[in-house]
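Modelling step: build the complete structure from the supplied sequences, incorporating the hints.
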Amino acid sequence: PGGSGRRGLEAPPGGPAGAGLGMPGEGVRSLQALARRALVPALPRLQSLGPLSEEHTLQLLQETLSTGRLTPHTLELFVATGHEGVLAAVERLGVQPLHLPVLPLPCRGPRF
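Sequence positions in the sequence shown follow the numbering used here and run 113 to 224.
Treat the hints as calculated values from the structure; they're not laboratory data. Possibly wrong hints are sitting among the right ones.
Have a look at the derived ranges for each label pair, beta carbon to beta carbon [what the hints assert, rightly or not]: (1) ALA145 - HIS211: 30 to 38 angstroms; (2) ARG149 - GLY197: 18 to 26 angstroms; (3) ARG204 - LEU151: 21 to 29 angstroms; (4) ARG220 - GLN144: 37 to 45 angstroms; (5) LEU151 - GLU203: 31 to 39 angstroms; (6) THR179 - LEU199: 16 to 24 angstroms; (7) SER165 - ARG204: 47 to 55 angstroms; (8) ALA147 - ARG220: 24 to 32 angstroms; (9) HIS211 - GLY180: 40 to 48 angstroms; (10) ARG141 - LEU212: 33 to 41 angstroms; (11) GLY139 - VAL207: 18 to 26 angstroms.
Predicted model only: the values in this text are computed from it and were never measured. C-beta: ideal position from N, C-alpha, C; glycine also.
This is the structure:
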């Protein structure tokens with residue numbers, strides 16, 4: 113039916129045009145936050161965070177810390193990005209990579 117051709121921006125019943133759309137960029141920021149929250153539980157299954165920008169990696173680190181999901185593997189993922197801001201944040205936290213000791217194995221060969 114006739115109209116301005118602005119599908120999706122029509123006024124909802126009882127409201128002005130564009131109502132509920134929020135500020136420009138607001139949806140993008142909330143989508144990024146949702147993506148970060150969804151990504152945190154998946155970090156143990158990831159091999160690399162290399163494709164993420166430094167800004168997004170720092171935000172993901174903050175989300176990981178706030179949810180208490182920093183593990184030795186996830187710490188390695190963040191450090192492996194090589195982003196200066198991420199390395200500085202890890203240094204400020206005083207978090208060290210976990211180095212497990214190598215335990216001696218019993219020798220099965222002849223004893224001397």
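Checklist line | Supplied distance hint 24 to 32 angstroms, evaluated on CB atoms of ALA147 and ARG220 | finding: For ARG220 against ALA147, whose Cβ atoms are near 51 angstroms apart, the range 24 to 32 angstroms is violated.
Checklist line | CB-CB spacing for HIS211 and ALA145 relative to the 30 to 38 angstroms hint | finding: The hinted range 30 to 38 angstroms holds for ALA145 and HIS211, with Cβ atoms some 34 angstroms apart.
Notebook entry, point to check: Taking the CB of THR179 and the CB of LEU199, does the distance hold inside 16 to 24 angstroms?
Noted result: 21 angstroms, holds
Margin query: Holds or violated: the 37 to 45 angstroms window for the beta-carbon distance between ARG220 and GLN144?
Written below: With a Cβ separation near 55 angstroms, ARG220 and GLN144 fall outside 37 to 45 angstroms, so the hint is violated.
Checklist line | ARG204 paired with LEU151, Cβ distance criterion 21 to 29 angstroms | finding: 23 angstroms, holds
Next item on the list: Just tell me: holds or violated, for the beta carbon distance of ARG149 and GLY197 against 18 to 26 angstroms?
Entry: 21 angstroms, holds
Item checked: ARG204 and SER165 - C-beta distance against the hinted 47 to 55 angstroms -> 20 angstroms, violated
Margin query: Taking the Cβ atom of HIS211 and the Cβ atom of GLY180, is their distance within the range 40 to 48 angstroms?
Written below: 22 angstroms, violated
Item checked: Outcome of range test on Cβ distance (ARG141, LEU212; 33 to 41 angstroms) -> 40 angstroms, holds
Note to self: Assuming the hint says 18 to 26 angstroms, is it satisfied by the Cβ distance from GLY139 to VAL207 or not?
What the structure shows: 34 angstroms, violated
Note to self: Given the hint of 31 to 39 angstroms, is the C-beta distance from LEU151 to GLU203 inside that range or not?
What the structure shows: 23 angstroms, violated
This entry does not satisfy hints 4, 5, 7, 8, 9, 11, going by the numbered hints stated previously.
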